[in-house]
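*Asks:* Here is how the chains run, residue by residue.
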Amino acid sequence: MNGSEGVGRRSFLRRAVAAGVGGAAAGAVGLRVAESAAEPERTAADQSPAVPFHGTHQAGILTPPQRHAAFTAFDVTARDRGELAELLGVLTERLRFLTAGGSPLPAGVGEPPSDSGMLGPVVPADRLTGTVAVGASLFDDRYGLAALRPRRLRTMDVFPDDAPEDAWCHGDLLLQLCAENPDTVLHALRDIARHTRGLMQVRWRIDGFVSPPRPGGSPRNLLGFKDGTGNPDTADSGLMDRLLWVGRGAGEPDWATGGSYQVVRLIRMLVEFWDRVSVNEQERMIGRARDTGAPLDGSAEFDPPRYTQDPKGDVIPLDSHMRLANPRTPADAASRLLRRGYNYDRGLLPNGDLDVGLVFCCFQQDLDRQFATVQKRLAGEPMTDYIKPYGGGYFFALPGVRGPADRLGGALLA
Amino acid sequence: MRPASRTSRRVLLPVAITAALAAAAAAALLPYSSAAPSAAAAADGLPHTVVEVSPGACGHGWDRPHAGRQVFDLRNTSSDAAEVYLTDASSGALLGEVEGLAPGVQRPLQVVLGRGSYVFRCLPEDADAVTGPTVRITAGPATGGPAVLPVTEHDLIPPTLEYQKWVGQGLGRLVGKADALRDAVDRGDLAAARTAWLDAHLAYSRLGAAYGAFGDLGDAVDGLADGRPGGVKDQDFTGFHRIEYGLWHHEAADRLRAPARRLADDVRKLRDRWADARMEPADLGVRAHEITEDTVTFELTGHSDYGSGSSLATARAQLDGTAEVLDRLRPLLEPRDPELPGIDRWLARTRDDLDALRHDGTWPAPGDLQVEQRERVDADFGGLVERLAGVAAVCDVRRTS
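The listed protein sequences derive, respectively, from chains A and B.
Under numbering that gives the first Met the number 0, the letters of the first sequence match residues 0 to 413, in that order.
Under numbering that gives the first Met the number 0, the letters of the second sequence match residues 0 to 400, in that order.
Think of the hints as simulated: they come from the structure by calculation, not from any bench.
For each residue, glycine too, the CB sits at the ideal point set by N, CA and C.
Relax, there's no trap hidden among the hints.
Covered stretches of chain A, going by a simulated chain B footprint (3 or more residues, C-beta under 8 angstroms): (1) 96-107; (2) 111-122; (3) 190-203.
Model the full structure from these sequences, guided by the hints.
*Replies:* Quick look at the structure:
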């Protein structure tokens, strides 16, 4: 969760602006290829442009996090490979339209309306992204895909501090929907479920939000600490090629080129307990100051921690989350990963405490070299008393849809 | 049992007329000629054409026909509410409709048009239909958006009568089954009563199509405890589910005698009343869709299970009920609903999957299914119900004159 280090938030913000400008131009193109030629009427809340759907990689990975998300795991009920192809085709078509926005085609008099209408007559793009990933179970004997399974993809490991609940784990397919407004996310989920109802069924779903910077820098998680400070720089395409994307010749099946391993972990935070702990103890567990997000040996959020000058952990404890997650030795550089988590709030626990936490989400080139390695380093960290991982899964985010003739999983099913 | 079905559209018309009267005075003040080149202002970015709806000028204003996606802003310049249909002049197929267009009101109709001839038809309340000028589109794509041959009340009368007869026969058989349940309860033979209950309830569920038409008696026969202040213990809770609750919660036979007698009586009344009733033809298409909606809402969730665990058996019987309605509608659907083969395929798939879950003549409760089994059943019904939704829309009654 909180933790690994690297290039800071400032470059991230510059990228967000650049992506905004690029996105606007691409958005106009998107509207032409989508269902509508319409330029949507926009209100202040809807001014976010479209994020391009087509590309070498799927959107929603490097895309600067939108404010709201729904993570929905499905089990595929398609009977055969033909129906699986149909499912991925429908998913592609719906996401192509929904992410571009526009005016839904009229259904005529022989069908109910083609759109739920919950976003009005013209669907805003609202920076919606839909990222589709597949789980290991899709590569069982149902669709003849066993030989094509990404070699690291498996049922999510159970780590020593985990308490997995079956109803919240795994799935054949994961759909990560993100947008600036929660109604846009829900509209997209509703539309996709409607069009795919017979071919897949929801296994679990969790909604999340990213808090606005308070007062600045990285957004805070529900423990009150800034989270994501140490993410690698997504604008560095060479770095992304080394850390995120599966490339050719790495021992992965050819179809997987351009994809990325996605790990989702539903982590409950025992915030009532956390709130009964002194801020000093909290900060020593995290390794950062709560107010500023600065490492305990620094004064600003993006100051790099100097572990070499603190070999015994007098200032930043050796078992602090940040230090365990990324010890910043050259040997550990290859285990860095891109976190893209969301806070969640789903009501109450049986004891009346709040059921809140983190939808931890990360992307990486190699599940074992990155996530699993980091997770093993974190085993037994002091913070485990305050968090409880109970759900999620290992998935592989499919390569991008390259153009109007391509579709999700096109190379997988070719 | 369930909430009354969808309101027939005609029930809504008196409301429209009231609104129409209220709007009539204001209508006179509206500048009809304000048909500004609205395309520029249109939020949807589509070309708009203002078209008049009135007995004297139906369809007027469509002066520059063109193919493609577009919006007609239909403006009722008369003093009566009207329906408006846009039809393909050669096939008679309907491309779009606006119902209950009040005087002085303008409403959009979005369509996609290909090459061909089109007419607007204006159908004022309580007056004859008026056909507008035929408009030809000679350039552009050959085909436009979906168009469906309208179904009239006349078309629906024969299948409705047939269906009504089938339901009547089923109710006749149900009387004997409800009597058998009553007798078993009277004898105090609760094991036999449980068997008789299931037999009778499935026989009723197979007729599920008719629930709206059964009215209060339907509620007495198969109502849930929802909305009853005392819940399952409520004095007025009666019918199949009341008896089910007792039979599967160790209630003594004497406490079930009154409900079992009442059920037998109500079923008899229902049979007799049905014989004299006339089923609304407009309801048949809605039935084809909504039986399965009921299955999804009440049976697949286990909501209607008061202890017997027979939700999947009920779902299976309701599937038979849907097939009966569809068979009656088939001659009308074949030329109209391109989804019909898909409906048949999903109906068969759902039936086969349910049957595969039956062991020794009984089904597990939905809550006892393994995740994969449950997802498959939910997917089957989900795929089916999405396809059935079109049947109700296609069979919506349209006027011819």
